[in-house]
Amino acid sequence: MSRSLGPTQPLPWYDRRLSMADALNRAWHEHEWVPKGWERIFRDTVRNLIAARTPDRDLSLLTMSVETTDGALEIDMLSHDRVLGGIMPKCLQRSKATCSQCGRRGLPRQLGGCEVDVLCASCGAPRILKRAIDDALSLVGLATAGNREVDAFLVPEALRAHFIRSAAARNCAAGAASDPKMSPSEYRRWVATLHDIRRTISAPT
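Residue 156 in the working numbering is what sits at position 156 of the sequence shown, and the numbering runs on without skipping anything.
Be careful, since some hints might not be right.
[To be verified] The calculated label-pair distances, taken between Cβ atoms and stated as ranges, are: (1) A97 to A192: 38 to 44 Å; (2) N147 to L78: 53 to 59 Å; (3) A152 to N25: 51 to 57 Å.
In short, the hints are calculated from the structure, not lab data.
This one's a predicted model, so the numbers in the text were calculated from it and none came from an experiment.
Glycine included, every Cβ here is placed at the ideal spot set by N, Cα and C.
Model the full structure from these sequences, guided by the hints.
Structural data, given as structure tokens:
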């Protein structure tokens, strides 16, 4: 009776028996979550790592990790020599200046709280606005606590200009001084209008 040897284990992406194309495809398959705008950076970096394959570097390549750090793409290893150590930082440096969504030139942008992403102006504006609206919607109770007037400093920064214009328009219509504040009821009505803006941002294009 013949004995089954079981399924053959696939070769790791850094195996020297693999061609450059096969090794790159296997590495990509393991890290398909990389944002679209950083795909080229990731592939270029891994291509350079594959080109540097040697028996002495197998363990280093085995421990390669890919993650986002402070909104940028970072490739790291538990241990590495000077050659590998010279390749990896280029991924981080390039991603810090590349939009993670579209691949055009970008800047690190604060989306809210501690969340940072590298985005161009076109990709960044709707995400920043959406996050600001989400924050405003979630903080209505806090902003109107004590039934006091709501000041602009309680509004997320991306919405302050809109808040001030709306407050001034309401006061002007009421014949009051142009003070950038709203009563709790006015503020709740203003926040309600943000729902429509958010739906527009979220709608597929």
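So, going through the hints one by one against the coordinates:
For the hinted restraint 38 to 44 Å between A97 and A192, the CB-CB distance of approximately 39 Å keeps it satisfied. Checked against the hint of 53 to 59 Å, the C-beta distance between N147 and L78 comes to roughly 57 Å, which is consistent with it. The hinted range of 51 to 57 Å is satisfied by A152 and N25, whose Cβ atoms lie roughly 52 Å apart.
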